[in-house]
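Trainee: Chain order of the listed sequences is X and V. The first sequence begins at 1 in the numbering used here and counts up one residue at a time. The second sequence begins at 1001 in the numbering used here and counts up one residue at a time.
Derived by calculation from the structure, the hints in this document are not laboratory data. Where hints are given, some of them may not hold.
No more than 20 Å apart at the CA atoms, straight line, and that leaves these computed lysine to aspartate or glutamate pairs for EDC-like [as the list claims (entries may be wrong)]:
1. V/Lys-1106 x V/Asp-1091
2. X/Lys-23 x V/Asp-1032
3. V/Lys-1106 x X/Glu-20
4. V/Lys-1155 x V/Asp-1228
5. V/Lys-1106 x V/Glu-1212
6. V/Lys-1038 x V/Asp-1089
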Amino acid sequence: MTLDIVMNKKSQDDGIVLTEAQKRARRSRSIAIALALGALVILFYIVTLVKGPIVLVRPI
Amino acid sequence: MSLIGEAAELRTGLPGAGDLRLAEPSLATVGDYLALLKPRVMSLVVFTALTGLAVAPGHMHPMIGFTALLCIAVGAGAAGALNMWYDADIDARMTRTARRPIPTGKVKPGEALAFGLTLAGFSVVTLGLLVNILAAALLAFTIFFYVVIYSMWLKRSTPQNIVIGGAAGAFPPMIGWAAATGSLSLEPVLLFLIIFFWTPPHFWALSLYRTEDYARANIPMLPVVAGDPATRQQILRYTLILVPLGVSPWLLGYAGLVYGLTAIVAGALMLVLAWQVFCERRPAERACRNLFAFSILYLFVLFAVLLVEQGWGGLIGRLLA
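Isolated chain V (complex conformation) (with noise of 0.2 Å):
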């Protein structure tokens, strides 16, 4: 017996055996590959780890900083690779996600395991060989915290799933922070408090409008467990703590006026949005469209005045300079 075949048997004695089927010749190409990293989600964090590095004091040479970066991403990009492998059923159940390359069956569940873990283990070591200790363990946590804590316990067991899981989508700025200076004060933490009050409004926005498919693939989101209204007047307290969390950074004097002028009317704005939704009921959705929409744009816009404004040593002060 040739031993693909001793391994293919082995695996056949394993729970969830029938899912790997690794000897089984592949069609995936690299583009599904590419799929698994969810670039979109990976953007963002490229984004909010660069204002983070960026703000740091000091200096930092550039090819250090595109590591970092690098490191970063590829990572993010792991994470979400295990969680498509962990979550294939579910998103085999979604209409957004049952496009993904795992439930077409382009990609097989076992190749993305293997995928993931492999780009896991490089950014995490490369980020602490070429970066820095600190940056690589919160790296590490990062994805820990993604695959593990929100994907494989909380996601499919608690209504706060994406309240405590958000954590993970926080982390970025940090790590940025982290691997230019080697260490975290208060500046990284606000502008992690900022992105975590900001996940659950941004996503019960959206599971407001797809409530069904997440009860089709029976994950408990909060308008599938506590209802419609509960929902609404939830996405509206953490509007609420989110909208002065986004001024503090300029309060506490971190940030100059620009970014306190902008983050004023961006906040008031989602406030508006915020009571909008408050105020709807079902089936319209509107409301819950036009606050999934400009939070995205909330927290771009956010991070952008104070990557220009402070960035750098103060991109903007040395221009009017």
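Chain X with its partners taken away, still in its complex shape (with noise of 0.2 Å):
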């Protein structure tokens, strides 16, 4: 049995089928959560190279 079968039957078994609505809705939030997270990598490699060795300078 493959992992695909499986796992429709999963779902199946727990009576949660996505419509093609939810599933809409569903992708453009993943895509939101994946380039919102891109841009905090983005950032904190930029404030990095800006702030050069003193970013390691924590003093509390």
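From the two separate chains plus the hints, produce the assembled complex.
Mentor: The structure is reproduced here in structure tokens:
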């Protein structure tokens, strides 16, 4: 039995089947999360370059 | 039993668990989540924070400044999302807020809570790591103050809700200043006080022509509890404190003549409108609407002039030189 069949069967057992609208909404949310995380990585990278070695100096 | 099923069963045993319903598929779009951030409030927060950041002494790399503003904006949005999560029941009963994402069912309360907490955590930690600890601590306190002190406690319990709770909206210039300098002084405190004393006349003017809305939602706004004439009197009193405070940065030498003259003229107009509100009686509401609209312009103009005049070492001075 393939993984897809197992997952489909489990999904049916749980009674959760996404409609097309729900799938589209989930996809748009997933893309937004990916973009936000990507932007965060770039932000940390650029600020690290801007600050230089001082980024490691963190007096409390 | 699946893990999701167990988690759902656990939640049904908790108070308010019916509101979470995380296992149900969501139809919420990215736009619905953006609406949770209260973009209009966020824009005012970013603007006042930018002013605090720009008028602060010393040099700041533009990228660090951008990072600070981004974190402050996201932190303000997180506070807005948490406020909408907690106030969903009130929002559903008020005409002004009934179309927000949670009352309309577009976003589930549990989703809004998770969204708000995540953004709050990320914004504070990022500000602390990339800018400085003081600014991050102030941002964390602002979110806490708005969500816990204002939304959860004051809003439903006292007519002084927006007086004390207004402090949350007044912190952004201080956060901006702290982000630029790593410290605080009298100047950002003055900016804080201007917004703090601006908040009551602004919101009470609104609540005077939305009294029924607030009464229906059981929110003890001043017009609901103390009545119409008492609220109009309070608006005038707070405006009398606000106007000299608006001029004070110039009187104390922190701002130039352009700011001073602007603050005097705008303050005089604010006083005239507050006096008209004081003289007006229900069912008339024109003066309240005028004051509410002008109060937004008043704050914007004051901070805009300060930003252009004093920001980045004095833009006007450099242009005239």
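Trainee: Is the Cα-Cα distance between V/Lys-1106 and X/Glu-20 20 Å or less?
Mentor: holds, 16 Å
Trainee: Is the hinted pair V/Lys-1155 and V/Asp-1228 satisfied, with a Cα-Cα distance of at most 20 Å?
Mentor: holds, 19 Å
Trainee: Hint check: V/Lys-1106 vs V/Glu-1212, CA-CA at most 20 Å. Holds or violated?
Mentor: violated, 26 Å
Trainee: Would the pair X/Lys-23 and V/Asp-1032 pass a check requiring their Cα atoms to be no farther apart than 20 Å?
Mentor: OK: X/Lys-23 and V/Asp-1032 at ~16 Å, within 20 Å.
Trainee: Are the Cα positions of V/Lys-1038 and V/Asp-1089 separated by 20 Å at most?
Mentor: This hinted pair holds, its Cα atoms lying about 17 Å apart.
Trainee: Between V/Lys-1106 and V/Asp-1091, is the straight-line Cα distance small enough, at 20 Å or below?
Mentor: holds, 14 Å
Taken one by one, the earlier hints fail for this structure only at number 5.
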